[in-house]
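> With the hints as constraints, model all of the structure from the sequences given.
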Amino acid sequence: MTQTTAESPARKQRAQIRVRTLRTDRWWLAPAFTFAGLLLFLIYGIWAIFDKSYFVDPYIAPFSSPCLATSCPEGARLFGLAPFGDWYTLPPGMLILGLPGGFRLTCYYYRKAYYRSFWLSPPACAVAEPHGKYTGETRLPLILQNIHRYFFYFAIIIGLILTYDAVLALVHKPAGLGSWILLANAALILCYTFGCHSCRHITAGRLNHFSRHPLRYKAWTLVSKLNARHQQFAWASLFSVMIADLYVRLVAMGVINFPFA
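The numbering used here applies: residue 6 is where the sequence shown begins, and numbers increase by one.
There may be inaccurate statements among the hints.
Said to hold, decoys possible - Mimicking SDA-like on lysine to any residue, the simulated pairs with C-alpha atoms at most 25 Å apart in a straight line are:
| no. | residue 1 | residue 2 |
| --- | --- | --- |
| 1 | Lys117 | Pro96 |
| 2 | Lys57 | Pro96 |
| 3 | Lys178 | Ala257 |
| 4 | Lys223 | Met247 |
| 5 | Lys138 | Phe123 |
| 6 | Lys117 | Ala133 |
| 7 | Lys178 | Met258 |
| 8 | Lys223 | Arg234 |
| 9 | Lys57 | Met247 |
| 10 | Lys57 | Lys230 |
| 11 | Lys230 | Arg154 |
| 12 | Lys117 | Pro127 |
| 13 | Lys230 | Ala257 |
| 14 | Lys223 | Arg205 |
| 15 | Lys117 | Ala241 |
| 16 | Lys117 | Lys230 |
| 17 | Lys138 | Asn151 |
| 18 | Lys117 | His235 |
| 19 | Lys117 | Asn151 |
| 20 | Lys117 | Thr29 |
Claimed, not checked - Ranges between beta-carbon positions, derived for each pair:
| no. | residue 1 | residue 2 | range |
| --- | --- | --- | --- |
| 21 | Asn213 | Gln237 | 29 to 35 Å |
| 22 | Leu95 | Leu173 | 20 to 26 Å |
| 23 | Lys138 | Leu47 | 47 to 53 Å |
| 24 | Pro264 | Ala189 | 17 to 23 Å |
| 25 | Ala37 | Val176 | 15 to 21 Å |
| 26 | Ala37 | Pro88 | 40 to 46 Å |
If you're looking for bench data, these hints aren't it; they were derived computationally from the structure. Owing to the predicted nature of the structure, the values given are computational and were not obtained by experimental measurement. We treat Cβ as the ideally placed atom computed from N, Cα and C, and that holds for glycine.
As structure tokens, then:
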């Protein structure tokens, strides 16, 4: 039987679909809510960085911690230190903007979130994107996403500092609602940070034999449980840090002054 290498015209031609997608569900809700949530965080973060009501003893707003300059109130300084002296005159929030902010910006989950909601690349599964070509993360600026693992180390430091702030507030004001809000926020941030994909890889992702490294394997299993809920912790910690930060600022402004504040 003779074989022919030429394909028929019907096999060459792809299906012609004139609509953007054949999906009939409300696929646009997810990227719309994601866009609104991330935009709210950006707007609040910019306001909080320049707001000066960030400390009321023993609470310090998470967006302004650590406070390391002499311009910071003495009680707000980390361990009472001011290593930056008086030359650093920018708001304390500017000091940490690039650390937890950079960690979230390069996070694997957040990449998917803002790629879909801000850049529509693509906006949802089985929905065409409006861009003419796709180069992935192979060129500037997206190739810089690969430094995520280095932001992870700084994020651990910030998470531990926020935990220290929360524990210190709890020691000095155990009946204060703010102490427990700060503690809950620190816990969510640590769960999000240690559930990071980079943490899972660093812990034991490169091992060939788990049996030879039982402690690292145990740590890997714990990190994997957090990693399975990385998306939930990403959103929970995003809103918890805003709520905790706003609560401290409202107390500092005198807007909230009820007992046990």
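> Each hint should be assessed against the structure and marked as holding or not.
To see whether the hints hold, each was checked on the structure:
1. For the suggested pair Lys117 and Pro96, the alpha carbons sit about 31 Å apart, so the restraint of at most 25 Å is broken.
2. Distance restraint check for Lys57 and Pro96: the Cα-Cα separation of roughly 8 Å lies within the 25 Å cut-off, and the hinted pair is therefore satisfied.
3. Between Lys178 and Ala257 the CA atoms are separated by roughly 15 Å; this keeps the pair inside 25 Å, and the hint holds.
4. About 33 Å separates the Cα atoms of Lys223 and Met247, which puts this hinted pair outside 25 Å; it is violated.
5. As the CA atoms of Lys138 and Phe123 are separated by approximately 17 Å, the hinted pair is consistent with the 25 Å bound.
6. For the suggested pair Lys117 and Ala133, the alpha carbons sit about 16 Å apart, so the restraint of at most 25 Å is met.
7. For the given pair, Lys178 sits about 18 Å from Met258 by alpha-carbon distance, which is consistent with the 25 Å threshold.
8. The suggested pairing of Lys223 with Arg234 holds, with an alpha-carbon distance near 18 Å, which does not exceed 25 Å.
9. The straight-line distance between the Cα atoms of Lys57 and Met247 is roughly 16 Å, inside the 25 Å bound, and the hint therefore holds.
10. About 39 Å separates the Cα atoms of Lys57 and Lys230, which puts this hinted pair outside 25 Å; it is violated.
11. At most 25 Å may separate the alpha-carbon atoms for a hinted pair to count; Lys230 and Arg154 meet this at roughly 19 Å.
12. A threshold of 25 Å between alpha carbons decides the hint, and for Lys117 with Pro127 the separation of about 9 Å falls inside it, so the pair holds.
13. Pair hint Lys230 plus Ala257 does not hold up; C-alpha atoms about 37 Å apart against a cutoff of 25 Å.
14. Simply put, Lys223 and Arg205 have alpha-carbon atoms about 11 Å apart, close enough for the 25 Å limit, and the pair holds.
15. For the proposed pair Lys117 and Ala241, the alpha carbon gap of about 17 Å is at most 25 Å, so the pair holds.
16. For the hint linking Lys117 to Lys230, the alpha-carbon distance of about 21 Å falls within 25 Å, and the restraint holds.
17. Between Lys138 and Asn151 the alpha-carbon distance is near 21 Å, which keeps this suggested pair within the 25 Å criterion.
18. Note on Lys117 and His235: the hinted pairing holds, with a Cα-Cα distance of about 13 Å set against a maximum of 25 Å.
19. For the suggested pair Lys117 and Asn151, the alpha carbons sit about 14 Å apart, so the restraint of at most 25 Å is met.
20. Distance restraint check for Lys117 and Thr29: the Cα-Cα separation of roughly 22 Å lies within the 25 Å cut-off, and the hinted pair is therefore satisfied.
21. For Asn213 and Gln237, the hinted distance range of 29 to 35 Å is satisfied, since their beta carbons lie about 31 Å from each other.
22. In this structure, Leu95 and Leu173 meet the distance hint of 20 to 26 Å, their C-beta atoms being roughly 24 Å apart.
23. Judged by the Cβ atoms, the range 47 to 53 Å given for Lys138 and Leu47 is violated: they are separated by roughly 28 Å.
24. At about 20 Å, the CB distance of Pro264 to Ala189 agrees with the hint of 17 to 23 Å.
25. As the Cβ distance of Ala37 to Val176 is approximately 43 Å, the hint placing it in 15 to 21 Å is violated.
26. For the hinted restraint 40 to 46 Å between Ala37 and Pro88, the CB-CB distance of approximately 44 Å keeps it satisfied.
Hints 1, 4, 10, 13, 23, 25 from the earlier list are contradicted by this structure; the remaining hints agree with it.
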